[in-house]
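One line per chain: the protein sequences are A and B, in this order. Be aware that the first sequence starts at -8, since it is given in the numbering used here, and climbs by one per residue. Be aware that the second sequence starts at 59, since it is given in the numbering used here, and climbs by one per residue.
Rather than coming from a laboratory, the hints here were simulated on the basis of the structure. From the three backbone atoms N, C-alpha and C, an ideal C-beta is built for every residue, glycine too. Keep in mind that a hint or two might mislead.
[Claimed, not checked] If you want the ones that stay clear, here's a sample from chain B, every Cβ over 12 Å from chain A, calculated: (1) Leu90; (2) Ser96; (3) Leu109; (4) Asp128; (5) Tyr261; (6) Leu298.
[To be verified] Computed from the model, here is a short list of chain B residues facing chain A with C-beta under 7 Å: (7) Leu201; (8) Ala204; (9) Pro206; (10) Ile212; (11) Leu213; (12) Ala216; (13) Val217; (14) Phe301; (15) Ala304.
[To be verified] Going by beta-carbon spacing under 8 Å, a handful of chain A positions derived as facing chain B: (16) Ala24; (17) Thr27; (18) Val34; (19) Ile140; (20) Pro145; (21) Ile252; (22) Val267; (23) Thr281; (24) Tyr285; (25) Ala286; (26) Ala290; (27) Ala292.
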Amino acid sequence: MLSLFSDGNNDKAMTGYIIRRVLRMIPLLWAVATVTFFLMHAVEGGPFDREKELPPNVLANLEKKYNVDNPLVEQYGLYLLNLVQGDLGLSFETNREVSTIIREGVEVSAQLGASAFLYAMVFGMTMGVISALNQNRLGDYLGVFFATIGTALPNFIMATFLVIIFSVQLGWFDVLGWELGNYRKMVLPILALGTLPAAYIARVTRASILEVLNQDYIRTARAKGLAERVVVLRHTIKNAMVPILTVAGPIFAFLVTGSFIVERIFAINGVGRHFVTAVFQRDYGVIMGTTIFYAVIIAAANLVVDILYAVADPRIRYR
Amino acid sequence: MAEAEAVSPLEALEEVALRPERGLWSDAFRRLIRNRLSMAALILLAIVAALVVLGNYVDVVQRYDPRVQDHSATQEGPSLDHFFGTDQLGRDNWARVLQGTWISLQVGLGVQVIALTIGLLVGGIAALGGRLLDNLMMRLTDLGFAFPDLLFIILLRAVLAGRDWPILGEPVPQMIFAIAFVNWVIISRLVRGQMLSLAERDYVMAARAMGATQMRIVFQHMLPNTLGPVIVAVVFGIPLAIFAEAVLASSASGCPRPRPAWASWSRMATASFR
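For reference, chain B alone in the conformation it holds in the complex:
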């Protein structure tokens, strides 16, 4: 999805020659700040994130307990008291949206953190570990690709349900684990492909010629350059992970009620549409 902007080589060179020396991250940060659309998106995301975190831990923002039912005020429309109205049991929708968003965000980000870790490991080992390891890792990825994703997630979630293992005892980590388990495959393939092609690049050979250790070459030169497409895949994976959580919820294996994940909740809401 990355679109190369057409810049003539000369212009590009000039730009590189004229600007002061900066590190990779500060360079990236400056370019981010310069892009107005990205900044607007970043600010919006920051507001959502702040609202969600505050809304789950600060009473002034949360306003109502999302679990408390008020039977004198069911199915109300939006008002100053209840920003988003109330549901059929009289619970405040604003508080419930914030709570549900928190779960969805945790799942979306958590899945990608795990998927990225496994993906980088498997992809990196495949690309750098020699033929035998490459074969082994790639057969593993093939297997991951062969599974029907959603079915596997539902099955894994069912396996994990009701276990009191450390960390995995709660529904949210269970869902994160189940979804991440099918999501690392794409990343590991990307990483492997990138690393294999990067290993042939001149600058890697130059680094090797100058006597850089394998570790340094991998972490200093190759890893940052593999990240571009990987970041795109990770970011696209976040909404997909949230959808997967929604599918779990809509097939009744998500968060147990009364915790409102987005999906189970929208299903309940549509029931009262008719």
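Extracted from the complex, chain A is given alone in its bound form:
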């Protein structure tokens, strides 16, 4: 992999490219923070609305403590100032640091997201390759069947059925929770979260491989007597990677942000769970914190994909 970067010029160009991309993330994150800030304040009701109205002096004290008694623009300025210093503020509901809440959930969410991503990529690409190499034969039909079912089932339906069949009826896996290394707690959440992206990747892989198999250089490789294994592994799959990588970035983002449904169903204490509750409780600090957190991850994922393009296709240069 590294040998592809041995060209010294491209190495340097790459470093410059990465630096520029990271710098471009800053205005983007600022824009995300700004839009989210004003949108969430446009949601009707405030963080301290209760069924029984709070006494005015209690309310005033609370609003003072959490800085929501100033004009909106002032609050916004203060938030940005704190954000630049890495301070995400307090959660109104629990009175804890938002950064602590995120830090507690991020490990589990990252484990879940990463393993689902791994499953989606490996399984999806395998299915896609099998489909393409057996075009219009049994292997292809199996692959296309999987791809169709996978894209047609929303993850919360799949999660429910998986739990009913494999946990309740067969007792193979646990109903709730997540624990790295404990397969009883890992398999079902990963399947529920990763199957839709796996199906999508299978489709893209199949189409992309079929496209490459029609190229002249594959015919050349076969004509000069290369083993089929070498033709497939070295000449086909690697050249088919660019479209797969293109969808891998958004899929990663989808897995990270989409995980909250699966986290809710399996009662996993990840980051995603907090967002939905926060919107309903108008917990401004948590809404901002989780949105910015996710935006950073998405931007980073897109950057990684753009860099990986060069690994898959060394002709791609960065300027």
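Fit chain B to the supplied structure of chain A, relying on the hints for placement.
Positioned in the frame of chain A, the structure of chain B alone reads:
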């Protein structure tokens, strides 16, 4: 996802030379009819659509009022009276499925109509409007890409909830708007990329050389040719929009009860599984 069929150039030429002249749409239609799998899918879709529309407006098809509870017949299995059985409150599942499907279909199609409109506009302006507009539009798309989709949809839906603005006062248009707002990004990028590459094609140059106006070139020559990948994206977007609506429902910001959107309803159903 489009797969190019391997046709030798000569064969392709022959086919073009021999067949009678047809317009773009009639050509597409003939090819659609010739494909048996597509026709089967089309007929199936037409049946579903007809059932759903009839089921919401014609009593004979709907059979029961989806809102009426019959406490003498709760949790029944499928029968001739109740095709899909009844739920825990004794409401007819057949009528409720039809009603829920109608909502889901409206959301799926509505989202894509709005997303397509915005996507074509933004993408087209970016590709054809010069450097400044291109930069502006693309930063806008970058911003759309940077947002965590589902979180943004939930937030937007919360902002819209309870407003009595024209059109947006109802939950279904509110959901359509919220979901469409994050869905146009992919389309606008596709349109821009396609248009930029099409602008370099020989036939566009030929049209320009023959003195076609910019308008004619864009609408007659470039737009139809951008549509291929865009249609794929739009069609794939429909189920995603329905899923997004389902996510809204499962996070309690979808259609208010007792209207049964698919998701909130399947959640209720799973509760009685155990």
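Going through the hints against the structure:
Interface exclusion of leucine 90 of chain B from chain A stands, the closest Cβ pair being 20 Å apart, more than 12 Å. No Cβ of chain A approaches the Cβ of serine 96 of chain B within 12 Å, the least distance being about 15 Å, so the stated non-interface status holds. With a closest Cβ-Cβ approach of about 18 Å to chain A, leucine 109 of chain B is found to remain outside the 12 Å limit, as its non-interface label requires. With a least CB separation of 26 Å from chain A, aspartate 128 of chain B remains clear of the 12 Å interface cut-off, as annotated.
Tyrosine 261 of chain B, annotated as away from the interface, keeps every beta carbon of chain A farther than 12 Å; the closest lies near 24 Å. Taking the minimum C-beta to C-beta distance to chain A, about 9 Å, the non-interface status of leucine 298 of chain B is violated against the 12 Å cut. Interface hint at leucine 201 of chain B: satisfied, since its Cβ lies 5 Å from the closest Cβ of chain A, which is below the 7 Å cut-off. Hint status for alanine 204 of chain B: holds, given a least beta-carbon distance of 5 Å to chain A, under 7 Å.
Because the beta carbon of proline 206 of chain B sits about 4 Å from the nearest beta carbon in chain A, less than 7 Å, this interface hint is met. Below 7 Å, beta-carbon pairs count as interface contacts, and isoleucine 212 of chain B has one with chain A at about 6 Å; its hint therefore holds. At about 6 Å, the closest approach between the beta carbon of leucine 213 of chain B and any beta carbon in chain A falls short of 7 Å, and the interface hint on this residue holds. Look at alanine 216 of chain B: its Cβ gets to within about 5 Å of chain A, closer than 7 Å, so that hint holds up.
Taking 7 Å as the C-beta cut-off, the interface hint given for valine 217 of chain B holds, the closest approach to chain A being about 5 Å. This hint holds: phenylalanine 301 of chain B has a C-beta 5 Å from the nearest C-beta of chain A, less than the 7 Å allowed. Taking 7 Å as the C-beta cut-off, the interface hint given for alanine 304 of chain B holds, the closest approach to chain A being about 5 Å. Among the interface hints, the one on alanine 24 of chain A is violated; its C-beta lies about 10 Å from the nearest C-beta in chain B, farther than the 8 Å criterion.
The closest approach between the C-beta of threonine 27 of chain A and any C-beta of chain B is roughly 7 Å, which is under the 8 Å cut-off, so the hint is satisfied. Because the smallest distance between the Cβ of valine 34 of chain A and any Cβ of chain B comes to about 5 Å, under 8 Å, the interface hint for this residue holds. Violation of the interface hint for isoleucine 140 of chain A is found here, the shortest Cβ-Cβ separation to chain B being roughly 12 Å, above the 8 Å cut-off. Evaluation of the proline 145 of chain A hint against chain B yields a held restraint, the C-beta minimum of about 5 Å falling below 8 Å.
With its C-beta approaching chain B no nearer than about 6 Å, isoleucine 252 of chain A sits inside the 8 Å limit, and its interface hint holds. Nearest Cβ of chain B to the Cβ of valine 267 of chain A: about 5 Å, under the 8 Å cut. The hint holds. For threonine 281 of chain A, the interface hint holds, the least distance from its beta-carbon to any beta-carbon of chain B being 7 Å, beneath 8 Å. The interface hint given for tyrosine 285 of chain A holds, since its Cβ lies 4 Å from the closest Cβ of chain B, which is under the 8 Å cut-off.
At its closest, the beta carbon of alanine 286 of chain A sits 5 Å from a beta carbon of chain B; the interface hint therefore holds under the 8 Å criterion. With a least beta-carbon distance of about 6 Å to chain B, the hint placing alanine 290 of chain A at the interface is held under the 8 Å criterion. Violation of the interface hint for alanine 292 of chain A is found here, the shortest Cβ-Cβ separation to chain B being roughly 11 Å, above the 8 Å cut-off.
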